[in-house]
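**Student:** Using the sequences provided together with the hints, build the complete structure.
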Amino acid sequence: MNFQEMIFKLEMFWKKQGCILLLPFDEQIGAGTLSPYTYLRVLGKKPWATVYLQPSRRPADGRYGENPNRLYMHHQMQVIMKPPPKDIQEIYLNSLRSLGLKLVRHEIKFIEDNWETAVLGAQGIGWEVRLDGLEITQFTYFQQAAGIDLDPVSVEITYGLERLAMFIQKKDNVFDIQWNDDYTYGDLRKDMEREECVYAFETSDPDKLFNLLNIYEEEGVNNLKKGILYPGYQYLLKCSHIFNLLDARGAISISERVQIISRIRKMANLTANIVLRKEENNEGLSA
Amino acid sequence: MKDYLLEIYVEEIPARFLNNAVKDLKTIAESELTKYNLHYENISTFGTPRRLALCIKNLDENEPDTEEEIKGPPASIAIGKNGEHLVPFKKFALSADVPEKDLYIKETSKGNYLFTRKIVKGRKAEDILKIFSPWLIKSLKFPKTMHWDSKSIKFVRPIRSLLSLFGEDLVKFTYAGVETENSTYGLRINQSNKIKIKDPADYFKKLKENYVILSYDERKNNVEKNAHALAKKVNGTPLYSNDFLEEVVNLTEYPTPFLATIGKEEFSIPQCISIRVIEDHMKSFPCVDINGKLLPYFIGVRNGCSDFIEIVKRGYEKVIKARMLDGKFFFEEDKKISLPTLVSKLSDVVFLKELGTMKDKTDRLIILSDYISPKIGLNDSGSKALKRSAYLSKADLLTNVVREFPDLQGEIGGIYAELQGEETEVYEAIKDQYLPRFADDKLPKTLIGTCLSLIDKIDTLTGGFVVGIAVSGSKDPYGLRRIGNSVVLLLTSINMESFPLKELVQVSIGLHKPKKEIETEKISKDIDSFLKERAKGILKEKNIRYDIINAVTALPLDLIVTYKKKAEILMNHINDEELASIALANKRVNNILQNADISSKIIDKKLLFEKEEECLFDAIQNTKIKVENGLKQMNYEEIIKILYGLSPVISKFFDKVLVMDNDEKIRKNRLAMLINLKELFLKFADFSTIVIEKEKNV
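Chains as they are written, first to last, in my numbering: chain R, 1 to 287; chain F, 1 to 698.
No wet-lab data here; the hints were simulated from the structure.
Only a predicted model underlies this, so the values are computations on that prediction, with no experimental measurement involved.
For glycine and all other residues, C-beta sits at the position ideal for the given N, C-alpha and C.
Hints may be right or wrong, so weigh each one.
Stated by the list, open to error - List time: in silico DSSO-like cross-link candidates among lysine-lysine, alpha-carbon distance up to 27 Å: (1) F/Lys154 x R/Lys46; (2) F/Lys587 x F/Lys601; (3) F/Lys141 x R/Lys86; (4) F/Lys611 x F/Lys624; (5) R/Lys190 x F/Lys328; (6) R/Lys171 x F/Lys264; (7) F/Lys532 x R/Lys86; (8) R/Lys190 x F/Lys318; (9) F/Lys652 x F/Lys678; (10) F/Lys532 x F/Lys678; (11) F/Lys321 x R/Lys171; (12) F/Lys683 x F/Lys565; (13) F/Lys264 x F/Lys375; (14) R/Lys86 x F/Lys313; (15) F/Lys587 x R/Lys170; (16) F/Lys151 x R/Lys278; (17) R/Lys102 x F/Lys196; (18) R/Lys208 x F/Lys345; (19) F/Lys118 x R/Lys102; (20) F/Lys457 x R/Lys171; (21) F/Lys124 x F/Lys106; (22) R/Lys171 x F/Lys611; (23) F/Lys313 x R/Lys102; (24) R/Lys170 x F/Lys321.
What the hints assert, rightly or not - Chain F regions said to be covered by chain R (calculated; three or more residues, Cβ under 8 Å): (25) 138-147; (26) 323-336.
Said to hold, decoys possible - Which chain R residues face chain F? A few, computed with CB under 7 Å, are given here: (27) Asn69; (28) Leu99; (29) Leu103; (30) Glu107; (31) Lys109; (32) Asp113; (33) Trp115; (34) Thr117; (35) Trp127; (36) Asp132; (37) Val153.
**Tutor:** And the structure:
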């Protein structure tokens with residue numbers, strides 16, 4: 001099964017489970033969780049179910065397209081269901097079966113893996129799912145977002161598509177994945193991977209990036225202070241990406257790192273305050 | 001009598017919580033059942049990642065009926081003058097639901113009252129179980145719990161099914177929105193359909209058929225046995241700690257170990273990194289040869305049967321290849337940067353809030369290394385090696401490998417130091433600087449390593465006390481107790497007659513710049529008693545008797561290096577007559593000195609009149625020299641023998657000489673002699689604390 005077919009299959013599968021099919025969120029972000037479709041939608045009482053593909057950029061993981069496993073940008077398939085169905089684990093396993101995997105021939109382990117993002121006041125309890133030792137999915141029950149205890153909780157299922165595709169297509173190198181029958185992952189992505197890495201590690205201008213960080217922060221804070229939630233939050237995401245770029249460039253000392261993280265946390269607190277207010281006024285965010 | 005079975009079927013319970021949960025389930029069930037009048041043979045509990053199960057063998061089906069005496073109104077208001085039954089009498093009979101003739105009068109401390117007896121029907125076990133089981137689930141505590149559905153219910157992971165059978169009967173209740181059923185599930189991948197269960201015996205049989213081994217011990221034995229057999233095929237043994245074995249076993253309901261191979265190219269990284277990859281990333285066991293050298297194989301444990309295990313094995317091999325290449329990448333990247341370059345960047349790494357950066361810590365370690373070297377007699381090259389290792393010790397905190405595998409701090413720093421041409425003593429000390437991490441852990445191989453580990457820990461310890469993050473009750477946020485234990489273990493491993501610990505602690509406190517002089521004194525005292533407490537705990541774990549522990553820990557802190565050796569010697573002699581007599585003599589001396597006015601310990605020879613006191617005087621002088629020599633040579637066995645030699649002399653002294661003579665000069669002279677005697681014994685231990693059998697009998 002080729003890569004694009006996998007994407008269709010998973011989207012179709014979750015669509016049938018009642019998930020709204022959304023398109024990737026159009027910001028450069030590090031994980032599907034940061035998308036407002038997840039982060040701002042797991043709050044509130046109203047049921048919510050969605051599936052979306054999310055390209056995720058982690059500059060420090062880039063290897064110029066020369067490492068068979070590591071990427072600057074990879075693709076996550078993100079599923080959120082609030083409240084979680086009672087047989088959600090079984091549904092998830094069926095989604096793997098829908099990709100043609102015969103699970104009796106393999107091993108599935110759910111290994112404890114909880115995460116916490118202090119910056120965003122978010123935490124979840126769950127597992128990483130391993131298929132024959134390969135981590136293919138993060139399976140988490142979201143407990144808190146923006147410092148608010150979630151009720152009901154949401155389940156968050158995040159597939160690492162490249163790993164899953166390498167497994168299914170029996171490839172040792174991510175760039176050998178068949179995207180469709182004519183094009184490989186490498187044909188489509190390798191140049192971009194390499195250039196993104198050249199930029200992140202060599203040609204980016206730290207001074208300009210620091211300037212951008214300041215500008216984005218100011219614009220974000222100004223708007224969040226006015227209660228403008230979504231645009232303000234998008235500036236937080238921009239800051240987060242710039243921070244990741246500076247980090248990959250080796251341009252931040254550890255004390256600066258602490259300081260930038262605390263600036264981003266302030267934006268997250270402003271975001272949380274708006275969210276809390278909306279909650280109190282019963283303007284449930286997912287309403 | 002029937003068996004009762006409860007199964008809580010959940011999404012994967014974290015491996016680290018499982019065994020405790022199984023234990024707690026049994027304890028809670030046993031204590032809860034004492035509240036009911038039901039007999040049973042025994043309770044057993046089981047656990048796998050997917051289920052916790054409890055089986056009560058031969059449980060009574062009913063509580064027995066019991067007779068109860070009920071108190072009514074006072075006889076004076078219930079019975080009329082002529083013995084007629086008044087209203088309260090009738091009301092009581094009615095409320096107790098007994099005929100009026102069954103009421104009787106009984107005298108109590110408050111006068112005569114009406115009473116009656118009533119048969120209380122025992123409850124049905126089934127009704128009790130309906131309350132007992134949900135309560136049991138609710139009472140189970142885990143270190144970390146979660147919500148998944150209703151806000152009010154928390155559990156370690158979502159509960160998805162409940163099985164509750166008393167014999168063949170379903171005991172109905174609902175918990176966390178789940179209704180009990182007479183069915184369960186087998187190993188997930190093989191069997192996603194419900195399995196009907198007839199009765200508790202059927203449960204055990206059906207689960208086995210469906211690839212679930214309920215008993216941890218059975219799974220563990222299976223894993224150990226097969227892992228050893230597989231490793232043997234490549235002339236190796238599997239490497240694992242008990243904790244890690246438990247984790248691996250508790251990731252499975254039906255474990256099947258298999259042997260997998262690591263490719264040559266990926267294998268060319270330091271052994272410690274490979275081991276971390278195999279354990280942390282693969283949850284598998286490394287294999288080593290008889291020399292402890294890592295072999296290019298590992299043992300994975302599949303959760304499932306052996307069907308298609310070749311496919312699973314190939315999957316693991318592919319994953320480990322990628323993981324090892326990552327490790328190799330990090331290692332090669334780190335090698336490009338020299339350790340001194342990293343040291344200069346340590347000012348960016350916070351050590352502990354309020355205690356500055358890792359660079360600050362490094363600077364303090366260098367000062368402490370300079371201070372301690374001459375005190376413990378290191379020669380010039382030894383002193384240099386200790387200083388150099390202190391300077392480089394924390395550099396590896398900034399390497400990629402430590403970021404990926406924090407456990408490798410120290411060890412990997414030592415490897416980089418070796419590669420960068422540092423001397424053997426330096427890189428060995430860096431490697432060992434965190435040892436020992438726990439009670440039975442390895443100790444540093446060299447004295448330099450021991451000193452580096454020691455000054456590092458002393459620095460953290462004194463820092464903790466100076467900024468007031470010290471230990472209190474259950475609070476120990478920086479793990480100072482563990483650090484204190486390591487300090488004691490390091491010191492007891494040092495072969496010296498005494499160690500300048502007190503001064504070292506004071507110098508170290510000074511480096512943290514406490515506010516006042518007085519504060520230094522107080523902190524130093526606190527650390528003194530803190531370390532003594534730690535020493536007592538450690539000796540206790542070595543099965544040293546508490547009175548012997550008190551005898552050795554009464555010695556000054558600098559003699560901490562001798563506590564264990566002395567305690568062990570005393571334990572060997574615990575049944576000696578002579579030891580008992582020495583202990584008695586010391587108690588006697590203490591008693592006399594306690595009530596005496598003592599001004600000087602100088603003995604005036606001219607005031608010795610009795611033969612026995614002259615003998616004791618001579619014996620003390622002779623013994624003192626011998627004991628001091630023995631201490632220098634650390635020949636503690638010999639010292640015991642020498643001290644035994646004093647015993648008859650002391651006896652004779654006490655038999656013939658009255659210490660509390662009427663003449664003040666003579667009295668003070670004899671008291672001075674006793675002080676000398678006491679101090680002589682105290683060179684080895686405080687014998688007066690030793691409890692002797694006779695004393696116990698009195």
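**Student:** Each hint should be assessed against the structure and marked as holding or not.
**Tutor:** Results for each hint:
Under the criterion of a C-alpha separation no larger than 27 Å, the hint pairing lysine 154 of chain F with lysine 46 of chain R is consistent with the structure, at around 21 Å. Restraint check: the Cα-Cα separation between lysine 587 of chain F and lysine 601 of chain F comes to about 19 Å, which is no more than 27 Å; the hinted pair holds. This hinted pair checks out: lysine 141 of chain F and lysine 86 of chain R have alpha carbons roughly 23 Å apart, not beyond 27 Å. For the suggested pair lysine 611 of chain F and lysine 624 of chain F, the alpha carbons sit about 20 Å apart, so the restraint of at most 27 Å is met.
At most 27 Å may separate the alpha-carbon atoms for a hinted pair to count; lysine 190 of chain R and lysine 328 of chain F meet this at roughly 23 Å. About 20 Å separates the Cα atoms of lysine 171 of chain R and lysine 264 of chain F, which keeps this hinted pair within 27 Å; it holds. Straight-line distance between C-alpha atoms of lysine 532 of chain F and lysine 86 of chain R comes to about 55 Å, which puts the hinted pair past the 27 Å bound. For the hint pairing lysine 190 of chain R with lysine 318 of chain F, the CA-to-CA distance comes to about 22 Å; that is within 27 Å, so the pair holds.
Restraint check for lysine 652 of chain F and lysine 678 of chain F: satisfied, since their Cα atoms lie roughly 17 Å apart, inside the 27 Å limit. Of the pairs offered as hints, the one joining lysine 532 of chain F and lysine 678 of chain F holds, with about 22 Å between alpha carbons and a cut-off of 27 Å not exceeded. At most 27 Å may separate the alpha-carbon atoms for a hinted pair to count; lysine 321 of chain F and lysine 171 of chain R meet this at roughly 13 Å. Restraint check for lysine 683 of chain F and lysine 565 of chain F: satisfied, since their Cα atoms lie roughly 14 Å apart, inside the 27 Å limit.
Between lysine 264 of chain F and lysine 375 of chain F the alpha-carbon distance is near 49 Å, which puts this suggested pair outside the 27 Å criterion. Between lysine 86 of chain R and lysine 313 of chain F the alpha-carbon distance is near 32 Å, which puts this suggested pair outside the 27 Å criterion. Proximity of lysine 587 of chain F to lysine 170 of chain R is assessed by CA-CA distance (about 81 Å); at most 27 Å being required, the pair is judged violated. A threshold of 27 Å between alpha carbons decides the hint, and for lysine 151 of chain F with lysine 278 of chain R the separation of about 21 Å falls inside it, so the pair holds.
Proposed proximity of lysine 102 of chain R and lysine 196 of chain F is supported: the alpha carbons are some 25 Å apart, at most 27 Å. A hinted pair counts as satisfied when its Cα atoms are at most 27 Å apart, and lysine 208 of chain R with lysine 345 of chain F qualifies at roughly 24 Å. Distance check on the hinted pair: lysine 118 of chain F and lysine 102 of chain R sit about 67 Å apart at the alpha-carbon level, beyond 27 Å; violated. A hinted pair counts as satisfied when its Cα atoms are at most 27 Å apart, and lysine 457 of chain F with lysine 171 of chain R does not qualify at roughly 49 Å.
Proposed proximity of lysine 124 of chain F and lysine 106 of chain F is contradicted: the alpha carbons are some 33 Å apart, above 27 Å. For the given pair, lysine 171 of chain R sits about 98 Å from lysine 611 of chain F by alpha-carbon distance, which is inconsistent with the 27 Å threshold. A C-alpha spacing of about 16 Å is found between lysine 313 of chain F and lysine 102 of chain R, which places the hinted pair at or below 27 Å, so the restraint holds. Under the criterion of a C-alpha separation no larger than 27 Å, the hint pairing lysine 170 of chain R with lysine 321 of chain F is consistent with the structure, at around 14 Å.
Under the rule that three or more residues need a Cβ within less than 8 Å of chain R, the assignment of the segment 138-147 of chain F holds, with 3 such residues. Note: the segment 323-336 of chain F has 3 residues with beta-carbon separation from chain R under 8 Å; the three-residue rule is met and the coverage holds. Restraint check, asparagine 69 of chain R versus chain F: the minimum CB separation of about 5 Å is within 7 Å; hint holds. Taking 7 Å as the C-beta cut-off, the interface hint given for leucine 99 of chain R is violated, the closest approach to chain F being about 15 Å.
Checking leucine 103 of chain R against chain F: minimum C-beta separation of about 5 Å stays under 7 Å; hint holds. At its closest, the beta carbon of glutamate 107 of chain R sits 5 Å from a beta carbon of chain F; the interface hint therefore holds under the 7 Å criterion. Because the closest C-beta pair between lysine 109 of chain R and chain F is about 6 Å apart, less than 7 Å, the hint holds. Annotation: interface hint on aspartate 113 of chain R violated; nearest CB of chain F at approximately 9 Å, more than 7 Å.
For tryptophan 115 of chain R, the suggested interface contact is broken, since its CB lies about 13 Å from the closest CB of chain F, more than 7 Å. The beta carbon of threonine 117 of chain R comes no nearer than 17 Å to any beta carbon in chain F, farther than 7 Å, and the hint placing it at the interface is violated. The beta carbon of tryptophan 127 of chain R comes within 6 Å of a beta carbon in chain F, closer than 7 Å, and the hint placing it at the interface holds. Given hint, aspartate 132 of chain R at the interface with chain F, holds; its Cβ is 3 Å from that chain's nearest Cβ, closer than 7 Å.
The interface hint given for valine 153 of chain R holds, since its Cβ lies 5 Å from the closest Cβ of chain F, which is under the 7 Å cut-off.
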